[in-house]
Structure formats: structure tokens, C-alpha cells
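Single-letter residue listing:
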Amino acid sequence: MPAVAPESKTGYILDKLQSLSGVVPIGAYLVDHLWSNSYALVSIEKYNQVSGELQTVPWRIGVEAAVLWIPLLFHSLYGMYIWSRGKSNALSHPWMSNWMYVLQRWTGLLAFVFIGWHLYTERFGGHGVTRYAGVAQDMANPWYVIAYLLGVTACSFHLGNGLWNFACKWGIAITPKAQHAAAWLGAVVGVGCTLAGVAVVLGFHYAWFPLGGYVQ
Amino acid sequence: MADKTFIVRIKRQQRPDESVRWEEYELRYRPHMNVIICLRDIAEKPFTQSGVESTPVSYDANCLEEVCGACAMLINGTARQACTALVDDLEKPIRLEPLTKFPLVRDLVVDRSKMFEDLKRTHCWIPIDGTYDIGEGPRMAPSVQEKGYPLSRCITCGNCLEVCPKVNQRDPFVGAAIVSQVRLFNMHPTGAMHSAERLDALMLPGGIADCDNAQNCVKACPKGIPLTESLAAVNGQVLVHAVKSWLRGE
Amino acid sequence: MTQPKIIVVGGGLAGLMATIRVAESGIPVDLFSIVPVKRSHSVCAQGGINAAKNLKGEGDSTWKHFDDTIYGGDFLANQPLVKGMCEAAPAIIDLLDRMGVMFNRTPEGLLDFRRFGGTLYNRTAFAGATTGQQLLYALDEQVRRFESEDKVKKFEGWTFLSVVLDDGGVCRGICGMDLRTMEIRTFPCDAAIFCTGGIGVVFGRSTNSVVCTGSAQSALFQQGVYYANGEFIQVHPTAIPGEDKCRLMSESARGEGGRVWVPKQAGDERAGKDIPENERFYFLEDWYPKYGNLVPRDVATRAIHKIVFEMKMGLVGEPAVYLDVTHIPRETLDRKLEGILEIYEKFVGVDPREEPMKVFPAMHYTMGGLWVDNQNQATNVPGIYAAGECEYQYHGANRLGANSLVSCIYGGMLAGPAAVRYSRGLESGCENVPGAIFERERVRQQDITDALLNQHKGTENPITIWREMGDIMTENVTVIRYNANLQKTLVKLDELSERFTRINLQDRTQWANQTLNFVRELGNMLILARVITMGALARDETRGAHYKPDFPERDDANWLKTTKASYNEGNIQLEYEPVDTSLLQPRERKYTAKA
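Chains L, H and A supply the protein sequences, listed in that same order. Residue numbers for the first sequence follow this note's numbering, beginning at 99 and rising by one. Residue numbers for the second sequence follow this note's numbering, beginning at 17 and rising by one. Residue numbers for the third sequence follow this note's numbering, beginning at 26 and rising by one.
Hints listed in this document are in silico derivations from the structure and should not be mistaken for laboratory results. For every residue, glycine included, the Cβ atom is placed at its ideal position computed from N, Cα and C.
Taking beta-carbon pairs under 8 Å as the criterion, some of the chain A residues facing chain H (in silico): (1) K270; (2) T534; (3) Q539.
30 Å max Cα-Cα, derived BS3-like pairs, lysine-lysine: (4) K114/L - K235/H; (5) K163/H - K114/L; (6) K513/A - K61/H; (7) K239/H - K298/A; (8) K27/H - K61/H; (9) K117/H - K114/L; (10) K275/L - K185/L.
Residues from chain H that keep clear of chain A, each with C-beta distances beyond 12 Å, as calculated: (11) L90; (12) G93; (13) T94; (14) R111; (15) D187; (16) P188.
The shape of chain L in the complex, shown without the other chains (with noise of 0.2 Å):
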């Protein structure tokens, strides 16, 4: 049964607004996150400092609902109302597009629970303080690790794969050639996020500060 009336535009704009939140806020916010994380790589301090400042924003619980919460359900869920809209048929059709399309899917889920877990333990488990301590804490756990890398992974592929989807769905990149070269941006994008991820990861688990050498 389709959601909207037959004669309704609600459906197209409602994707839309599901691929855009990908992308910015969500997309955005994914990458400024691996970036202030990375100050883990940096030193204990300086990540301290970043998250202290990051948590002492102004009309936090505000901010933090308008840019991350409600688009990052409205993502989700609406992102697996289509995904339940569409048939996977890789296995027969086994086109690598085809298969970004269902790694797409499986990303998006990953990530949704990884997300949801990830800000369970992280945002309101500490009451919406992380220091350094407490992180690496968790990340001793190489369950932990297991997960985040899992996790990190799956949300940068996501991003990535998403970032070429949407210059086609938007209609930006449109000939092969741009489309294949939006796949490439894609591609470094996911690549990137995923390597940053990685390495805030295992800097956690193994207190490892390879980015602190220039602090001195």
C-alpha cells in the first residue's frame, strides 16, 4: 500500500529530504566527528579540550536534536521504509552497482544500530560528558573494538556510496563520465572516513598518539 495518496508530491519530497539529511547534516556531522575524535591521536589533553568545548555548546540538547537526532531517525526509518519498497536481486543481476545498492541497505542498518548503541554508551550512559579515561576505557574491550570498527566502517561506506547516489539522484553529475568520477569521490570519501575511523579506534585501544609528534 503506497503511504501517500495517489495524487501526493509528500512521497518526493520526503525522499528527497531523506537523501539530503544524508548528506548534510548527517554526512557532515559524520566527518566533522571523525575530526574532533582525531584529536585522540593527537593527546589525551587536547582531546579533552576539543570534547569539553563540543559539550559546552549553547542550547545543547536543542542543537544536538535538530542536527542529529531527528535527521538521523527520519534517515533511518525512512530509509528502511524504502529499502522494504524495493526488491534485492543482486544475486541474479550481479552487477557491482547492483551490489553497492544491497551493501547500501545492510550499511544503513549497521550503522542505525551501531549509532544507536554508539550513543547510548557514549552520549547519555556518560550523561553527555566523554573524557579521554572513559573512552579508552571501553575501547580495552576488544568486543568494543570489534563493534566500533564494524561500525565506523559501515557508516563510512554509507557516506560514501551515499555521496555518489546522491550526485545522481540530484542530478549533478549526469553523463557516465561525471557519474563514474562522483563514484571516485565517493570512494575517497568512504575510504577516508573509514581509515580515520580506524585509526581513532585502535588510538583508543592502544593509547596510541601517532598525530602527537608536532604537539611539542
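Model the placement of chains H and A on the given structure of chain L, informed by the hints.
What follows is chains H and A alone, placed relative to chain L:
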């Protein structure tokens, strides 16, 4: 010397509400055979490999040179036209099934009227004032013609819909073929005057937003139509139209 | 009377044009077609559509187009309508252009034209090498627009069985069969326009589509419509031979510079591309220096036959000659001929841009067809109109390339309004015809179908009968005709008709039974085959596509006349009527002159 033979397996279903059965036929090989010739051989001797008398297989076919679009079916799992499916190039046994995204009529025949209905829904035509002699058509740059002509070769075979994960019973998505036609008509000087009607139609359920960029369509198109290019182009057009009409009433 | 009701049978170019014209006049149309109209055989037309628009500074004119058409048709066509067609052609192109046909363009954005057979002028507008497809789509879109406005109702997936004639012999409706439910039903109408296309399937393998059986024409013939000039069958010189069909290699390949040749040395086993220029025999250019590779189709076909069968100079291993476009720049080929080169590539597996194509003549078109009058596309039965390939009016004894599309559209343009005028002028419309008249026809048709379904002792296979009919028709009633062989063909057709009475339907289901439909068509084809053969046998001369070595000259004194076949309780009779040559004096048709 015994003739060289090969096996064709066909998914049969006498009516939409009857059960499916698979039949195997052993056919005599000749050079340059295609799937149509196989089906005609069966019609001439409708006896399965085990000697059971059956009926000729129902299938759609017309031009037999891949320009009418009628004979689309799944051949060894691939959505394609039967007339250009040469026996020499196919893995044996050859497996024939009807397309799965359209209501089944019988055997290999499906009902693709959805596509024609969607062409209607999206106003895929150039509205002319009449057939009277009122002079020449608009001038058109050769570069526009060279972009438009490949799009206008779409034979409405339905292969792009068949392979699309977003075309199924749950979703009324019109599919790449129709979106590409919208692009064609929006490209024409007269058609462009009425592009808003088509773009509006593509904002409704089943419209362009349902495309999720699996990009299977372009690989299944027997005519090599740049369908993904059309989808992206029309996506942009719809978006610009939506924003302009919302913000500025244009 | 109330609003008239008009039915169009057949959704190719002619049928769609007629539909548009009727709908435009405000009268609703029921459009019947076996296949979705967008899949009609018109899609197979490749090369282009003729109109003397004289955009190339050659001094072309509609009169020259008319002259070429009449001359190319060996003076057998009635001249006034042909002249009308040639005069209307430029406006028809404009109309199609306005409908959005993606015609090829010149740098100035105007329509581009190329040269076709039987003319010295660049007169053929084209959309790549799929012009018929592009034209059909344009008309299909217009009809869809009318459909969305409820002015046209389509009955796709219905086959025509017969017309409903009242006791005065006036057409009051049609009887059709739903190819899915197999239901037989009558539909009242005041006028019916038949645009049911070609008859290639009668010849087994031809360039025609599966639906081109001529079944509708034959059914009408059996109900009293004259069939004219049936013996004039065009064999296209260049096609790819195939077991299921022969695939056309458009004349446009030669229009764009393609050359026909064979190795000078018979039996030369080298691949075509390895044979040096000076060892190739360009026989058309040699024999017909003025027109070269663009002689009319009958001339080219006979030349190829002569090379292959008389001179034994055909290619090694198969009856074929080379059609060579390898010297034309790839970019030009892809822009102007891609559609047909793709066909060759897909079906033969060889790139024709690299290697010369192997081609051979194949049955392509019928110049003959339902008899229509010389102004309204009206047949001799009141209320029945015909347009397109299914009627005989425009091409005489041989059709020029790229004239069929224009004749289809012109015919449709005339037939629509004529049917409207006729319907409006009727004193009493179909709604006043007693139901019993319709029921009578429905029962007659149902009985035929039931008899086939209930025939359990049949032993004859329909496909086998069809193959045998096609083989003998192709062998004896195409390029070269001998009276002895035509006699044999009639005997064979007798045999096949007798075997047809013992047909085994194999499929007795009442749902999407394609065999049942095919058998009904086959019965009609057997009768049409006889009409064609009888016409050929009677006509002791050579004219256009009709070539009898025993009567090698055109014989205007005895045969400048139209064959009219009629059907009377199982008997086919031939009669003749004079050709209207009021505009052009017949002159000798000769393409051998020097340039």
C-alpha cells in the same frame, strides 16, 4: 551421423492461476539458430524430451530484429530479447522463463501494459495543434538530435524494469524507460514548453524519486540507451522544477 | 442520427494516422490491433521517407517525385492519387517533424535528406536507420494523447476475424477475437478502416514481422472486397538470410554510398576484405552506370539473381553477394546507419564497418492489396476503407524505397476523413441495425473456431503446412516466374488446403491459445496465396517486380490494367480494369542509360 542436439528448459504456466511446471525439449541444432527458432521447432513438434505430448509454447514475438520489443523474456536468467539470443552463444541447457515484474498471461507471455499506461501518465508526447499543414517544425541543432535519437529508440521491451530492484509489486515505480522518454520530450523545442506536466507527474508516487541508483537498467537495455544519464538528468530537472514552482510559482 | 462510430483495424503508420484524423474530427475511434500498436511492423522500416522538399539545391519537385514513382512502378499505378501523395509529402514531413520525430539534421538545424533507389535526387528524410520506428512512435504518442482524452479506445491483443455485413451488404461492424480470453465478439460501427499491413508471412521467410499474415485482407476478400494486383510482390535485393526471418539491410546503406559487388573470380575463397579493389566486380555500377547501386529494387534483385544463379559468381558456400560500407567513415556510419549495422552485427556476429556484409534478396513488400477507389481509400463494400500496405493504390508494379512510409501516412490521412464523411452521411447508423445481424456473424465465427477446437482426429501440423506454403511461394512466385511453376504452385496450394481440413490444433485450451489464432490465419493465408499465384499466372508479361522470362517485355497493349480478384463461394475470379494514366504517358522503363 546423428544430428547434434541440445536441451531447452521452459517454465510453463497455462494460466496465471495455474501451477508452474518445467518442460524440457530436445532440439536439433542448426547453425545461426536463435531462441525464436527453438520455440517454433517446439510448436512443430510439441513433445517433451521424455516423449510426453504438450502444447506449443505461448510467447510474444513480432519483428524478430529487435526493434519492436515484443519478445523480451528471461533467457538463462538474463532479461533480453529472444530474437537476438543466438543458440551458439548460450549456455546449455537453455533456460526460458517469463519476465517476473509483469503479470503473467501464459507461459512466456506477460502483460506489459503498465508501461504504456505510464507513458500516458507522464504525458510522453509532443502536443501539436493539429495535423493540418501549418508549416515546418522547429529547427533543431544536430547536437540535440544526436542526443535525442538514441533515447527515441526505446522499444518498451521492459528489460530495464525487469532488472530494477525498485520495480516490483510493492512499488509503482515507472522505471527507467519512461523517465528516459520524459527526458526525450523535454528536450524537444515544442515538448519543452510542456515539460512541467511531465515533471509534475514524475513527482507523484512511482515517480523519479523511487530510483535508487542500482544502475541495472542501463546494463539490461538491448538498445544501449544511456538510461542512467536520463535518470540523473530528469532528477535534476524535477528538482529544479520543484524548487522553482514552490519558491517562485514558475 | 447520433454520433457516428468508427473502427480502425491495425495500428501501424496508416492505422494510427487514420485514427488521429478521425479523432481530430471529434468522432471517437475504437482501434484494434493484434500487438500493442507500438510494436507494429512499421517499426521495421529503416531507410526513410520521401518528400521532394528540394532542400539540397537540386531542383527537385513534387512532379519529379511523382514521375519517379510512376516510372519506378512501371506505369501500373493510377496516377491521380500518386500525384496527390507526392504533393502532400512535404507537408507530411513537416507534420512528422512537428510531432517530434528525431530526423537527422543539417548543420543549419534543417532536415537532412539522402538519396534512395530509383531517383537521382536526395529526397529521403531519415531518422538514423530506424525511420519507420521513429515515425510510428510519433503517431503512437499522438494517439496516446487522444486516448488520454478518451477520444480513442484501444483494443490491443484483439485479432480481426470478419466484418459484420447487413442484408444490403453494407459494413455495420466487425467481429474480433480477444487473443487472451479467446472470446469472439462483434463491435458495431458505421465505417471500418483497415490498415492491416503486409503479407510476408505467406512467403514463409520474408523481411516482414510475425503479424504480417494478410489474414485480415484475406478475410475481407472472402467477404466480397476486391483484391487488386496481388501478383506484384517486391523482393528486396539486400537482406540477411535467416531461418526465422530475413532481416532487411536498408537501401539507405547504398544511399549513403554502400556498394554491391562480387569477386571477379568466381569461387574466390578469400575473405571479402582481403580481395583487392581491382579484383572486385561492382556489377550494378557496371550495368547501370546512371543509377549505379541505387537502381530500383526489382532491377537490383534480378541483377543479383543473375550474378548468383546464371553467372555462378555468387559468394562461396552460400547464395549471396557483398554489400560493402567499409569505405565509409565510421563516424558517418554510426550517425546515419547505426540501427541496421547493429542488426547485422547482432545476428551475424561480424562488424559490417570492418567487413563487407553478405546479403541476398528476400520477399519484402506487396504492391498489391485490397482494392480501393481513386479518391477516398474506399473499397467496393460500403463502409469498408483501407490504407497502407494492405491496399494496392500507390506503387504500381514496383515500389520505390522510402515511398511506403509516405503512402501509409497519406492513405491514413485520406481514409480517416473519408470514413467520417461517409458515416455522417448515413441515413441510419449501426445502432439501428438489428442485434440478430451481429449475432449471426458472431455465431458464424464461433462455429469456425469450435470446429477447429473439436477436431480431434487431425494429423496435420500447422507449422509444417505453413513452411511448405512459404517454400513453394518463395520458390515460384517471387523473383522469376514461369507459368509451369505457377501451375505447380496452385496444385500444391490445393494439396495444402486439403490437408488444412485435417489440421491438428495441438492446443485446445481457451486461454491465450496462439495456435488457434495462427491456424485461423493460416486458413486465410492459403487463400491469399492462391490469389497472388493466379494473378501471376494470368499476367503474361514482365512489368516491375513481375518478371516472366518467357514474356520478357512489358505489354501495354494487353496488360496495362489492374488485376481485380473477387471471391464467390470458394471460387476466385480475376477481372481487370484500366489504369488511370491521365497525367503521364507510359514510356519505356530503362535504368541502363549512361550517367
